[in-house]
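Chains as they are written, first to last, in my numbering: chain A, 420 to 722; chain B, 1074 to 1467; chain C, 6 to 93.
Please note: incorrect hints may appear among the correct ones.
Stated by the list, open to error - Derived PhoX-like pairs (lysine-lysine); straight-line CA-CA distance at most 25 Å: (1) B:K1299 / B:K1267; (2) C:K62 / A:K603; (3) A:K603 / A:K570; (4) A:K603 / C:K41; (5) A:K496 / B:K1267; (6) A:K505 / B:K1267; (7) C:K9 / B:K1307; (8) A:K496 / B:K1128; (9) C:K9 / B:K1314.
Simulated from the structure, these hints should not be mistaken for laboratory data.
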Amino acid sequence: MDEPLAPGHRLCAGCGASVAVRQVLLAAPEDTIVANATGCVEVSTTVYPQSAWNRPWVHSAFENTAAVASGIEAGFKALANRGEGKEHPVIAFGGDGGTYDIGMQALSGALERGHRFLYVCYDNEAYMNTGIQRSGGTPKGAWTTTSQVGKAGYGKTQVKKDLMGIVVAHRVPYAATASISHWKDLMTKVRKALAQDGPTFLHVLAPCTRGWRFEMSKTIRMAKLAVDTRFFPLYEVENGVYRITVPVTSPKPAEEYIKAQGRYTHLLLPQWASELDTLKKEVDGNYRRIERLSQFTAQPIVS
Amino acid sequence: MNVLEKSKPVPMLGDEAVAEAVKECDVDVVAAYPITPQTIIVEELAEFVANGEFKGQFIPVESEHSAMSACLGASLTGARVFTATSSQGLALMHEMLYNVSGLRLPVVMAVANRALSAPLVLNADHSDMMGSRDSGWIQLYAENVEEIYDRTIQMFRLSEDARVMLPSALNFEGFILSHDMEAVRPLGGERIRKFVGRPKFERRLDPDRPSTFGAISSPDTYYEFKMQQAEAMKSALGVFKEVEKEFHALSGRKYGTVDAYNTDQADTIVVVNGCSAGTIRAAARVLNRAGDNVGVLAIKMYRPFPTNEVVDHLRDAESIVVMDRSVSLGAPSGPLAEDVKSALACAGLETPVMSLVYGIGGRDFSLEDGKKVFALAKDKGSYGAMPLMYGVKN
Amino acid sequence: MSWKELGEASVVRGGSSVAYVTTGWRVNRPVIDESKCTNCLICWVFCPEPAIVRHEKGKVTIDYDHCKGCGICEIECPLKAIKMVREP
């Protein structure tokens, strides 16, 4: 039976990104074209002369996936207009590195121009492929090799960028967050996105057993815990209207998430108690912000 | 029926000539970002889109890096793709030039040559393309506006040939040619479309045969892929001759990989690329009418370098001056001079070669300058180990 | 392989990674208790490889050529029908 991703790739045992890619492509049509940024997924799935992709696939550089996807979309459109073939769904995969940071410009341009494609950011919250360095998507307090923990440091001091906020600012028809633990929610969102006639975006949490420091069998548990502790709210924004798709009314304590990952455990030390407290407030505050936004944007605008 | 009689000359700027040619070449996707002095190309194409004259997709990308990236993506669908840039834009897309060539995609690009910052300047020299000369792109240099028009058309055929499948760049000086109005005899859309045909690429993104483009190779294989590119470059010389022959039948016009004026007899030959070839050729004619014996070899195809032709034309010269409109800082010669010196050395020729740098940052090069260059050629003291920086204010 | 024999432009046929076997990656291997398995496909939707194979008829099976032994399937199976056992 058709598997969009073939096994035999070199992604780590228990890799969350791999699950994210599989789930997204399982929800997409068989003639989907894939553009991929440099990163874990790209490098591990296409070691010459082998490829794990049962879909037409291209990688060229780190920062340009959205631009390449724009070109693919335009190419097929131009050919279809001449009666030389048909258009196909285009999905761009980029890690948090290739999206939040170096890939931000190309993403912004592609969203603004209104190409019909789905951009999926598989977020493992650091530059994992090059050895766990911090990115704009690394959460505050997380250890990485370039935001180290010690007597004078508690990991990354900056907040995780509001990627969804940036995308929504481009007035795209559809953008959503998703978690590999909630596969049905994820796949529904993929279908919804692909049905739009314009640029769409999916922010998928992809836990990394190596970089987050947890046992490889717990990847899906970790993704679920992120949702259940409100660290990663699951919501969608459809033409500016916010809606939480998996409400978390009684969140699990943040400590459960933190103590489960080696990149966070230092925050449980007495020395970082106030930072942990701030972090918890920010996590909760972020969820409430989405709640407020969904209430606010659901109201019709009265003239 | 003489084609030339049928087509009345139309006044066009260099940039306009590019846009006109692109319009007629059945291009599917144009992805470009404006930069002086290329902007007119992009603006003209946008006008053609609005008038329904250009039926392809026009992507107003947000940077030159994205322009070349979008071209890469579009080319992989099997579409015919074009872009244009200059100077900083070319430098910004530098990594993507190697990507496009490495993936063997027949993207065609116009470069309105402009000097690279810093300091910032808007005017012409060849430092932009020379900075990317190793990227695996076929590089042509045009001397006048009609040549710009013709070469744009030829490059689609050359790049898309299955024996080549390498991208090509047409170079012409910013402002001096891009904003220069000259007479162009258009060839008519029907004839051009017949000449370029439709792209038929084997390697494409195709859901019926899913392929992976851009895999990670290793020291075991990377070298061989580069060898394939090198061989394709070599083939391009032969394929180019075929393309020019067919184009000549269509238009009555021919340019060659080099243009030789009086090289079989001359004592001193100046080698040059770009539009100053016209200036120095005019100077040579004036001098020869007064009894001198000088020649000019204009390099039209720079990559692949037409080594055999260059050597053949320079073989009997007593002295050679190679003019470079860019400086390879820290090198013993300008870039074109290095190539010429290499070619001569490989052929066992020990003719003295002077590397002369001129026209940097848009510094004017006039007919008088041309005569002075030939005078310098006679001065043995000017043949130093360093390039002679002609025209700099000392 | 000589540059003449190598496929041009580093293009690769899709899906060819199945030739790469990851048995050596494993310490433990999953074993499905068919009597408990209801073929709900949860293990399949969470397998990173995938090393769990769906079939037109019958329940899922493990592709031991490509399983890396991560153990996600054991944790996620709602029927506790999968056990990770030491690789023989």
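Structure-based check of each hint:
1. Note on K1299 (chain B) and K1267 (chain B): the hinted pairing is violated, with a Cα-Cα distance of about 33 Å set against a maximum of 25 Å.
2. About 24 Å separates the Cα atoms of K62 (chain C) and K603 (chain A), which keeps this hinted pair within 25 Å; it holds.
3. For the given pair, K603 (chain A) sits about 43 Å from K570 (chain A) by alpha-carbon distance, which is inconsistent with the 25 Å threshold.
4. As the CA atoms of K603 (chain A) and K41 (chain C) are separated by approximately 23 Å, the hinted pair is consistent with the 25 Å bound.
5. Under the criterion of a C-alpha separation no larger than 25 Å, the hint pairing K496 (chain A) with K1267 (chain B) is consistent with the structure, at around 23 Å.
6. Straight-line distance between C-alpha atoms of K505 (chain A) and K1267 (chain B) comes to about 24 Å, which keeps the hinted pair within the 25 Å bound.
7. For the given pair, K9 (chain C) sits about 14 Å from K1307 (chain B) by alpha-carbon distance, which is consistent with the 25 Å threshold.
8. At most 25 Å may separate the alpha-carbon atoms for a hinted pair to count; K496 (chain A) and K1128 (chain B) meet this at roughly 11 Å.
9. As the CA atoms of K9 (chain C) and K1314 (chain B) are separated by approximately 24 Å, the hinted pair is consistent with the 25 Å bound.
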